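S.K.: full-length UniProt numbering applies: residue 1 is where the sequence shown begins, and numbers increase by one.
It is worth saying that the hints were derived from the structure and are not from the lab. Keep in mind the model is a prediction, meaning the values are calculated, not measured. Note that CB positions come from ideal geometry on N, CA and C, so glycine has one too. Check each hint, because a few of them may be wrong.
Taking CB as the label site, the calculated pair distances span [said to hold, decoys possible]:
no., residue 1, residue 2, range
1, Y70, G50, 27 to 37 Å
2, S113, A69, 23 to 33 Å
3, A69, A49, 29 to 39 Å
4, G68, V47, 26 to 36 Å
5, P97, A36, 28 to 38 Å
6, T105, D80, 10 to 20 Å
7, P97, Y70, 25 to 35 Å
8, G50, T72, 25 to 35 Å
9, V53, D95, 28 to 38 Å
10, A49, E82, 14 to 24 Å
11, A73, I38, 23 to 33 Å
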Amino acid sequence: MKTLTLACTLLLFLFTGSSFTGIPAPAENVNTAARARIHATLRLSQVVAGIEVTIPTAIYSVQNQQTGAYGTAIDPNRFDVEVQEGDVLYLNSFDLPLAIYYTVTAADVASGSIHVSILSL
(Lines of atoms letter the chains of each structure in order from A; the text may use other names.)
(Lines give C-alpha, C1' and ligand atoms only; values in the text may rest on other atoms or scores of the structure.)
Protein backbone atom coordinates (compact mmCIF):
# COMPACT_ATOMS: atom_id res chain seq x y z
CA MET A 1 0.00 0.00 0.00
CA LYS A 2 2.89 2.33 0.81
CA THR A 3 4.43 1.67 -2.61
CA LEU A 4 1.12 2.42 -4.34
CA THR A 5 0.80 5.70 -2.44
CA LEU A 6 4.35 6.70 -3.40
CA ALA A 7 3.71 5.81 -7.04
CA CYS A 8 0.49 7.84 -7.14
CA THR A 9 2.22 10.80 -5.48
CA LEU A 10 5.08 10.54 -7.96
CA LEU A 11 2.68 10.61 -10.92
CA LEU A 12 0.75 13.52 -9.40
CA PHE A 13 3.96 15.56 -9.06
CA LEU A 14 5.01 14.57 -12.58
CA PHE A 15 1.83 15.93 -14.14
CA THR A 16 1.38 19.18 -12.19
CA GLY A 17 2.05 22.14 -14.42
CA SER A 18 2.97 24.65 -11.72
CA SER A 19 6.37 23.09 -11.03
CA PHE A 20 7.56 23.61 -14.61
CA THR A 21 7.58 27.41 -14.45
CA GLY A 22 11.32 27.55 -13.78
CA ILE A 23 12.25 25.56 -16.89
CA PRO A 24 13.91 27.81 -19.49
CA ALA A 25 12.36 28.28 -22.92
CA PRO A 26 14.14 26.79 -25.91
CA ALA A 27 17.25 28.70 -26.97
CA GLU A 28 17.41 30.42 -30.31
CA ASN A 29 18.92 28.39 -33.12
CA VAL A 30 22.63 29.23 -33.34
CA ASN A 31 25.01 28.23 -36.13
CA THR A 32 26.75 25.22 -34.60
CA ALA A 33 28.02 23.49 -37.75
CA ALA A 34 31.66 23.57 -36.58
CA ARG A 35 31.04 21.33 -33.54
CA ALA A 36 30.75 17.58 -33.79
CA ARG A 37 27.77 15.72 -32.39
CA ILE A 38 28.32 13.06 -29.74
CA HIS A 39 26.23 10.25 -28.33
CA ALA A 40 25.32 10.94 -24.70
CA THR A 41 23.17 9.14 -22.16
CA LEU A 42 20.20 11.03 -20.78
CA ARG A 43 18.62 10.31 -17.40
CA LEU A 44 15.56 12.05 -15.95
CA SER A 45 14.92 12.01 -12.21
CA GLN A 46 13.22 13.82 -9.38
CA VAL A 47 13.80 14.12 -5.66
CA VAL A 48 10.81 13.23 -3.49
CA ALA A 49 11.16 13.52 0.29
CA GLY A 50 14.94 13.52 -0.04
CA ILE A 51 15.05 10.39 -2.20
CA GLU A 52 16.12 10.59 -5.86
CA VAL A 53 13.72 8.63 -8.07
CA THR A 54 14.70 7.87 -11.67
CA ILE A 55 11.86 8.35 -14.17
CA PRO A 56 11.49 5.28 -16.42
CA THR A 57 12.00 5.78 -20.17
CA ALA A 58 8.55 4.30 -20.84
CA ILE A 59 6.93 7.41 -19.31
CA TYR A 60 8.51 10.07 -21.51
CA SER A 61 10.14 10.69 -24.87
CA VAL A 62 13.09 12.91 -25.79
CA GLN A 63 13.59 14.77 -29.07
CA ASN A 64 16.50 16.95 -30.21
CA GLN A 65 14.85 20.14 -31.48
CA GLN A 66 17.77 21.03 -33.79
CA THR A 67 17.89 17.71 -35.64
CA GLY A 68 14.40 16.31 -35.01
CA ALA A 69 15.94 12.99 -33.92
CA TYR A 70 14.38 11.06 -31.06
CA GLY A 71 16.41 9.43 -28.29
CA THR A 72 16.79 5.66 -28.24
CA ALA A 73 16.13 3.80 -24.98
CA ILE A 74 19.31 2.05 -23.79
CA ASP A 75 17.70 0.48 -20.75
CA PRO A 76 14.59 1.19 -18.64
CA ASN A 77 16.20 4.31 -17.12
CA ARG A 78 18.39 5.89 -19.83
CA PHE A 79 18.17 7.24 -23.37
CA ASP A 80 20.94 7.56 -25.96
CA VAL A 81 20.78 10.99 -27.61
CA GLU A 82 22.96 12.53 -30.31
CA VAL A 83 23.78 16.11 -29.26
CA GLN A 84 26.21 18.97 -29.35
CA GLU A 85 26.56 22.00 -27.11
CA GLY A 86 23.61 24.36 -27.48
CA ASP A 87 21.11 21.77 -28.70
CA VAL A 88 17.68 21.91 -27.08
CA LEU A 89 16.14 18.63 -25.92
CA TYR A 90 12.36 18.39 -25.67
CA LEU A 91 11.21 15.93 -22.98
CA ASN A 92 7.51 15.09 -22.92
CA SER A 93 5.39 12.64 -20.95
CA PHE A 94 2.60 10.82 -22.81
CA ASP A 95 2.28 13.68 -25.36
CA LEU A 96 0.73 15.92 -22.70
CA PRO A 97 1.14 19.70 -22.77
CA LEU A 98 3.57 19.42 -19.83
CA ALA A 99 7.05 19.46 -21.30
CA ILE A 100 10.62 20.28 -20.39
CA TYR A 101 13.10 22.04 -22.64
CA TYR A 102 16.71 21.35 -21.71
CA THR A 103 19.69 23.10 -23.33
CA VAL A 104 22.78 20.91 -23.63
CA THR A 105 25.84 22.47 -21.97
CA ALA A 106 29.57 22.07 -22.62
CA ALA A 107 29.83 20.04 -19.39
CA ASP A 108 27.18 17.62 -20.69
CA VAL A 109 29.12 17.11 -23.92
CA ALA A 110 32.44 16.70 -22.07
CA SER A 111 31.04 14.06 -19.71
CA GLY A 112 28.89 12.29 -22.30
CA SER A 113 26.08 12.19 -19.76
CA ILE A 114 23.01 14.40 -19.30
CA HIS A 115 21.03 14.39 -16.06
CA VAL A 116 17.80 16.39 -15.86
CA SER A 117 16.27 16.69 -12.40
CA ILE A 118 12.66 17.84 -12.12
CA LEU A 119 10.07 18.38 -9.42
CA SER A 120 12.48 18.28 -6.53
CA LEU A 121 10.55 18.45 -3.26
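S.K.: Mind listing which of the numbered hints don't hold for this structure, in increasing order?
M.R.: 2, 7, 9, 10 and 11
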